[in-house]
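A.B. asks: These are the residues of each chain, in order.
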Amino acid sequence: MRHLKKWTLAAATTVAMMGTSSIAYAACDEIILGSAISFTGKYSTNGIHAKNGYDLAVKKINDMGGVKIGDNCYNFKVKYYDDESTPARTAQLLERLIKQDGVKYFLGPYSSATTKAAAPIMEKYKIPMIEAEGASRSLFNKGYKYLFAVLSTSEQYLASSVALAAEIAKKNGKKPGDVKVAMAFENDPFSLDVRAGVLDDVKKHGLKVVIDDKLPRDLSDMSATLTKVKALKPDLLVISGHSKGAATAFRQLGELKIDTPMIAITHCEAAKVTSKFPKVANGVLCPTQWAETLSYKGPYFGTAAEYDKAFKAAYKDYKNVPYQSAQASAAVLVWHDALKRAQSLDPDKVRDAIAATDLKTFYGSIKFSKAGNNVAKPMVLRQIQDGKYNVVAPSEWASHKVEYPRKAQ
Amino acid sequence: MLDNLNLLVIAPFLNVQLLLDGLFIGAIFALAAYGLALVWGVMNVKNLCQGEYVIMGGYFAWYIGSKGIHPMFAMPVAIVGMFGFGWFIYKIIISRVVEKDMFTSLLATFGLAIVIQQGLNLAFGPEVQVANSGYPTHTIPMLGGSITVAEIKFYSFLICCALAGAVIFFMKTSRMGQAIRATSQDARAAKVMGIDTEQVFAFTYALNAAICGAAGVLISMIWVIQPFYGITHSIRAFVIVTAAGFGNLVGVIMAAFGLGVAEQYGGFVFGAEMQQATVVGMLLLVLIWRQVQMSRYRQAVQ
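First to last, the protein sequences are chains V and L. Counting in the numbering used here, the first sequence runs from 1 upward without gaps. Counting in the numbering used here, the second sequence runs from 1001 upward without gaps.
Hints were generated in silico from the structure; no laboratory data involved. Small disclaimer: the values here were computed from a predicted structure and weren't measured. Among the hints, a few may not be true.
Straight-line distance between alpha carbons at most 35 Å, and here's what the computed DSBU-like set of lysine-lysine pairs gives [as the list claims (entries may be wrong)]: (1) V/42 with L/1091; (2) L/1067 with V/312; (3) V/171 with V/388.
Model the full assembly from the supplied sequences, consistent with the hints where possible.
C.D. replies: Right, here's the structure in full:
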């Protein structure tokens, strides 16, 4: 039934397109963007979010007349394969896209693990990939030249909370050295990346770490760590452990009545904390790549809010636009911008054009470092205020003021 | 590490907090471990899907909670439901491996664990779930600080005690309880005396599933559940039974309390990543000590 609906929708759109802009479409060639992404398996939910983001941006660009290179015009088309959420399959399918299907431009898969498998293949064939869903910082310290990422890397996830704590301490006339930080991170690559970022910022601002616990993968009890928090009374508590860690943390923060004035936790939304722990969740800071309330603006979709509207109009099932979709759309925009500037279809020239990207979009600014990660877009910190996620940092983009100290339940 | 020990000395109320948390959690461990001890002792089946039964029980509570009913009402439903499920599993799988060697039953129950995990994953999705009891947490000033007691943990403790009491009473006084004890002493002799051991095995296995289900309902209100979290509960149950032996319920309960407290202290002193390692390390020490103790009586057969 679902498929039927999709097909009818696709057919209807095709008919509509043929009616309105058949001339423009007929005159343009196609540029195929390849992507092996997860439609099944453990990443499937987010993989489909990403695909929807890709598709929306592709449609937008084609509606705007596609890419003009010299006298020719091209429309984007994405060729997808399902990588079943397994990195080995991602690698296999990318080889197939390159060797059999002759694809020369790529969009990324979903997750750091699959992107890690993709990067060496792109290097081997010297074909550029713009990815939007792999945040691990290990992707950007290997010297890859053909991998570009529009999203903020994982070590930035909670780093801004440290800066915020330092800022507030300064305002209250406290020395940074007196600000105590408690950290609890799961012992897995993603959370350890987040931890590394927090540690860097702690050092930079000169704060003091009082607890640094690593949570094992299969732990569903962190009350021992939180008991320590109660005793040492830190000013900032940072926790990262995917949605399981978030759910456990919120539950036990309430049970042990932890009254730390500032708490930052990743994966709040995935763990649905506002509906499950409405009281405890209030005042907690949660990082995100993007939010529709941000004042970002760009030439394609307009503002973040306008993108939000366009996305919801295109995909009626969504009540909230996931940031995974927004960043996927941004990756397609970078392709368009780079091809336009390169004025060539040669992968190496296009690669250099991507490297020189300096683009403002609804998703934030995009500018790549030498390593290929986006250094122009900060990670956004939202605070749960009365059950709503409001952007509070960085202050340049904030829509609300941070509530400090957090009201203990 | 030394800082943490120092902290325990200068702030003694923390000891009370850790002790209480450990005891409350230990009571729930005791339930699942006692079920395992039963099955192990009576049928000599090492049930590797113990943790999965616990998680299944948790899903009863979560499901009922998500329908707007208090998750505590899931307790009788989970006990009855899991009893039926255990009986069914015994009839179609376990009854065929009871007489076989240890590895067959290990493999069968391990396979069962995987099937249950994936089944739960298909039915409820891989998201982490919690059941909300809605009970408040109380703060009690004590020893120059204050400890918190979540009401749900206290109630769980009482429920565990009641359930354990009921099981002991049942085993001591009822006809079936006698039959189970007789079968565990010597299955063949019991059969000769006219006990339907097949029936006893089925009942024991189903009773184990029911006890695990009850533990799961409490777990989902205290911690979190997810289709793949059963394994930690299995490991805890095995650690407790290995340390206590499966003959005595009192031993199992004491070991469970000990494990609960040791986990809390291990996590506090060595950091959360050593929480489980502390427990397994202690098991190792117990086993070595036992080995030394028994070597006096051991005679070489040549």
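A.B. asks: Each of the hints needs a verdict: does it hold here or not?
C.D. replies: Hint by hint, here is what the structure shows:
1. V/42 with L/1091: 33 Å, holds
2. L/1067 with V/312: 29 Å, holds
3. V/171 with V/388: 26 Å, holds
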